[in-house]
Each structure stands twice: as C-alpha cells, then as structure tokens.
Amino acid sequence: MAAPSLTGVDLTAAPSLARFVELIRERWPTHMAFVGRNLAARSNAEIRFLDDMARRILIVSEGRTLAAIDSYRDVCAQYLRAEMEYRKKKRYVNDKFDDVVSSLYDHSDRMNSYMTGLLLSVIFWWQNSGPYYFLKTEFLTMFDEAFALVEVGPGHGLGSSLALELPNCTGITGLDISAESIAMTQACLRRFGHADRFFGKVGDICVDAPVRDADGMVISQVLEIVSDPVSALRNARASLRDGGLLFLNAPVNFAAPDHIRRWGSADEIDAILDRVGFKLVKQKRYAPSSIAGGETQGYSYVAVCSAV
Amino acid sequence: MKECEWTMDSERAFEAFVKSYLGSRMPEMEASIAALESQTNLIGSGVIDSFIFIDLCLAIEEESRVPLDVAEIDFDQFSISGLWSYVSARRS
Ligand SMILES: C[S@@+](CC[C@H](N)C(=O)[O-])C[C@H]1O[C@@H](n2cnc3c(N)ncnc32)[C@H](O)[C@@H]1O
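From first to last, the protein sequence lines are chains X and D. Numbering-wise, the first sequence is residues 1 to 308 according to this note's numbering. Numbering-wise, the second sequence is residues 1 to 92 according to this note's numbering.
Honestly, the hints are just simulated from the structure, not real lab data. It cannot be assumed that every hint is accurate.
As the list claims (entries may be wrong) - One side of the interface only, derived from the structure: several residues of chain D facing chain X at Cβ under 10 Å: (1) E30; (2) D55; (3) A71.
All C-beta atoms in this analysis are idealised placements derived from N, C-alpha and C, irrespective of residue type, glycine included.
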C-alpha cells in the first residue's frame, strides 16, 4: 500500500501505522487533521515505536480493522462526553467501580468494543502511547539481569508483550480482579506467541500481594479505578523484593468512562508512593493532545519507583 | 466571553453566537473563524480542537438551555449547521 501523505510525516518505513492511517482516511476523514498533527509531533524513533504497536494491534484485532476504527470513533465520542460531564460537574461520571462494572465491564459487547477502541488510542493519542514508549525505553531497560514481573490489570497485554519479548524476562504474573479480563490478556498473548511465560491470576490488588520478591511490577491505568489506592500500592510494595522497580501510569485530571478516582495532581500519587515505601527514580507527564490536537491541564503521569 | 446577541430563532443567529464565542476564545484565529462555513467540520478542519469544542458545547447549552450530549452527535455533524440541527430539534 502506498504510504498516505501526511504533511511532514514519512510513513514509508512504518507499514502497520500507515495501514491504520489509511483506514482512518477512508472511514473517518475528518479525523485526519488530528492524526496528522499528532504524528508530525513524533520523532523518528517514536514513529518506529508506534509502527511496532500498530503491528501488535493488527495481530490482536485479527483482521477486524474496520470494526476497530468504528470502535475507536465510538471511544472518542465517549471520551468527549466524559470530559464534558467532568467540566460541568467537576467530577467523573462514575465514582464507584461497581458503576463502571454495571455500565461497561459487565456488557461483553460494549466492553469488547471499548477495549478495541482504546487499542487504537494507543497509536493515535500520545498520552496513551507515550507511557508505553517510556515502559519500553526507560523502564524495561533498567533490568540488566534475568527478571520476573507482575502486571496488575494487564488488559490487552501490550505492556506484557513488550516485556516478554526480552530474552531476560523470565515470566509475568498478570493479576486482575476480573476473570474475563485475564482471559482476554491470555488470548492476546497467545496471538503474540508469549502465552507460555504469562501466568494469569484472578485477585484484588487492594486485598493481597499477588506474589513476593518480584523484580518489577507494572500498574498502568488501574490506580484510577481501584477502590483503595493506598492498599493497592502497599500490596504492590509487598510484592516486590527490596530494590525492585515499579512502573506506574495513572491519568491525572482527565476524564474517561471508566475513570473513577480523580487524581488532582501527581503530588497526591507521589505522597502515597512515599508513604508505602517507594522512592521515586524518574517520572514523566504526557499531556493529552485533544481529539483535534490541543492540550488540557490533564496528563498521564508515569513514575518509576524503587522499593525501599 | 463577548456579549452575544443570540436570539435563538435562526441558524444565522446561532452562527453569529458560535463565531462570537470562538472569536473570544481564540482571537488569533479571527480570520479563520470569520471564514468558517456553516457546513465546515469545526474539529476536522483543524480550526478548533476537541477541548475548545467541549467549551463551545457548554456555552451553547448554557445559552439555549438545551442539554447537549456530545456522544449523540456524530463527528461529521460537528459543524455550525450540525449543532444547530441538534439544538433546534430539541428546543421546541
Ligand atoms: C483500564 S484496564 C487497564 C489496561 C491496561 N493495563 C492499560 O494500560 O491499558 C484496568 C484493568 O484493571 C482491572 N482492575 C480493576 N480493579 C482492580 C483491582 N482492584 N485489582 C486488580 N485488577 C483490577 C480491571 O478489571 C481492568 O482489567
């Protein structure tokens, strides 16, 4: 397929990303202004990374790419609605996990479409792709020797797949409160050929430490959903060996249909990390480009901490 | 926000309200806003981003007292005439 021409963006060496861009052009041409602006802001290394994520998403979506674009469009609409509600009422639409479960997670059709739509946001929204880029380039590179990870709420398995393709990653324990969710992660990782080193476990991070002495832990887009974030991070600390590393990604101040707890600032999160026994090693903030390319005060907060 | 003279009785007045609101939010975009055609997709054309779009919807909601559910409006209707169709259909 000829690379679509986007001003200032060369996608000739990024065939999977180019495929999704082409699909957006076909299915949702008015979104191209946003896509073009977003991709033009990326470095060559970031474009290569996005292409690699797009390749994984093509594998996960098993050829249902047009449906994926429609789901993505729907997710954009739901995010707009959530953001509008948030601006009006200064609180997120749902404030209990049970509300999210009954309005979204319990409806497998809705949930599948939501998760598929979110997958595409991982290539088109930098606040969703940037944290994975950080995971790959700034977190997973910190392990010099063999390491075992835990991922809480691994979702579509993109984060776990980045770790499992490293030869020194011995395995990942995936913990999720929902059996359906963990089955989905396993199915995705099977398609990537990584299922043999992924061990799914159903449980609540607020209640128990899933393992002991892990070398690293990933908690991405979960802290805004759990019922008790302090207990969740305390159990995260208890799962790690001394000196083990935590990768945390949480949205600060921006709304989504399944965000329950509003973090008003990264300082609030840092204070809990400090309280439960983590020392901040590095952090970064990824501001959302809006669906057309602007910025709000919200951002994805990414922190890497060491268990002390 | 600038004073607006929206009387809510026609698409023209609605257009004047939208342009006046956007002009007050983005004075540097005055020329592009003035040139907006009624059918132009506000976000797709790159004139405004989705966050300003939400602010615009909130302003329209406040002015018209018509609750605006953005997820009910198709992205292709994110134009002055699309928004007018939505609001005028729910005003009566
Ligand atoms: C939005 S998904 C995160 C997906 C993926 N990590 C990402 O970054 O996109 C949140 C996941 O966390 C799980 N979850 C919510 N509360 C939990 C808890 N208390 N313990 C373990 N998992 C939980 C949900 O079931 C869901 O699968």
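Given D:A71 as an interface hint, is the shortest Cβ-Cβ distance to chain X below 10 Å? At 4 Å from the nearest chain X Cβ, D:A71 passes the 10 Å test, so the hint holds.
So, as I understand it, the hint says D:D55 touches chain X; can you test that by seeing if any CB pair is closer than 10 Å? holds, 7 Å
Does the CB of D:E30 sit less than 10 Å away from some CB of chain X? Since the shortest Cβ distance to chain X is 18 Å, the answer is violated.
Violated hint for the displayed structure: number 1, the only one.
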